[in-house]
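Student: Residue strings, one per chain:
There are 2 protein chains.
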Amino acid sequence: MIKARVTVTLKNGVLDPQGKAIKGALSSLGFEGVGHVRQGKVFDLEIEERDRSKAEADIKAMCEKLLANTVIENYTIAFE
Amino acid sequence: MIKARVTVTLKNGVLDPQGKAIKGALSSLGFEGVGHVRQGKVFDLEIEERDRSKAEADIKAMCEKLLANTVIENYTIAFE
Chain A
1 MIKARVTVTL KNGVLDPQGK AIKGALSSLG FEGVGHVRQG KVFDLEIEER
51 DRSKAEADIK AMCEKLLANT VIENYTIAFE
Chain B
1 MIKARVTVTL KNGVLDPQGK AIKGALSSLG FEGVGHVRQG KVFDLEIEER
51 DRSKAEADIK AMCEKLLANT VIENYTIAFE
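Protein sequence lines correspond, in order, to chains A and B. Under the UniProt record's numbering, think of the first position of the first sequence as 1, with each following residue one higher. Under the UniProt record's numbering, think of the first position of the second sequence as 1, with each following residue one higher.
Errors might be hidden in some of the hints.
[Claimed, not checked] Not close to chain A: a few residues of chain B, all C-beta gaps over 10 Å, as computed:
no.	residue
1	K11
2	G13
3	V14
4	G33
5	H36
6	E48
7	R52
8	S53
9	K65
10	I77
11	E80
[Unchecked claim] Cut-off 25 Å, straight-line C-alpha distance, at most; resulting in silico cross-link-like pairs (PhoX-like, lysine-lysine):
no.	chain 1	residue 1	chain 2	residue 2
12	B	K23	B	K54
13	A	K41	B	K3
14	B	K60	A	K41
[Claimed, not checked] Covered stretches of chain B (in silico footprint by chain A; criterion: 3 or more residues with CB under 8 Å from a CB of chain A, positions within the stretch not fixed):
no.	segment
15	15-29
16	38-47
17	69-76
Think of the hints as simulated: they come from the structure by calculation, not from any bench. Owing to the predicted nature of the structure, the values given are computational and were not obtained by experimental measurement. Virtual Cβ for every residue (Gly too), placed ideally from N, Cα, C.
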């Protein structure tokens, strides 16, 4: 079994109102000096597969089809 | 300026209905052999601070106060 972590983040230039709200909340909590905040998602997947390159190809397909919106998001795949 | 990535994941044993839904969606898309799926969050922060240990202490406080619900979530901090 292979464990992988997919990290999905917004592409540069895509507005992130959620990140902006978090920045505002941090400021109002007294944290000064917080610049940009961007929020993304992580998915921890367990794949029942022994061949890592096969698993990577599968996970890429999952990202393209479901996990990421590749118009506005980037994704990275890391294996544990 | 220091860039940091905070990753927030559900603690073991905490139910993750969102992860379960994603697993179901992947199965219905034809991806077999997907075991557990857990979803988490990432925050990419820019901190206007030069001292990394000071920045780390600040980010820990942000996690405890706002970014993570430490009753049910773990967080990790990584610097770029």
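Student: Are the hints correct? Go through all of them and say.
Tutor: Right, here's what the structure says about each hint:
1. K11: Consistent with the label, B:K11 stays out of reach of chain A, its closest Cβ about 12 Å off (over 10 Å).
2. G13: 14 Å, holds
3. V14: 13 Å, holds
4. G33: For B:G33, whose nearest Cβ neighbour in chain A is about 4 Å away, the distance does not exceed 10 Å, so it is violated.
5. H36: Per Cβ check, B:H36 is inside 10 Å of chain A; nearest 5 Å; violated.
6. E48: 4 Å, violated
7. R52: Check passes; 14 Å lies beyond 10 Å.
8. S53: 15 Å, holds
9. K65: 6 Å, violated
10. I77: The claim stands: B:I77 keeps its Cβ more than 10 Å from every Cβ of chain A (closest is about 14 Å).
11. E80: Non-interface label on B:E80 holds, nearest chain A Cβ at 13 Å vs cutoff 10 Å.
12. B:K23 x B:K54: With a Cα-Cα distance of about 40 Å, the restraint between B:K23 and B:K54 is violated, given a limit of 25 Å.
13. A:K41 x B:K3: Since the Cα atoms of A:K41 and B:K3 sit roughly 17 Å apart, the hinted pair holds (cutoff 25 Å).
14. B:K60 x A:K41: The given pair, whose Cα atoms are some 19 Å apart, holds under the 25 Å limit.
15. 15-29: holds (count 5)
16. 38-47: holds (count 10)
17. 69-76: It is violated: at least three residues are needed, and the segment 69-76 of chain B offers just 0 whose Cβ sits closer than 8 Å to chain A.
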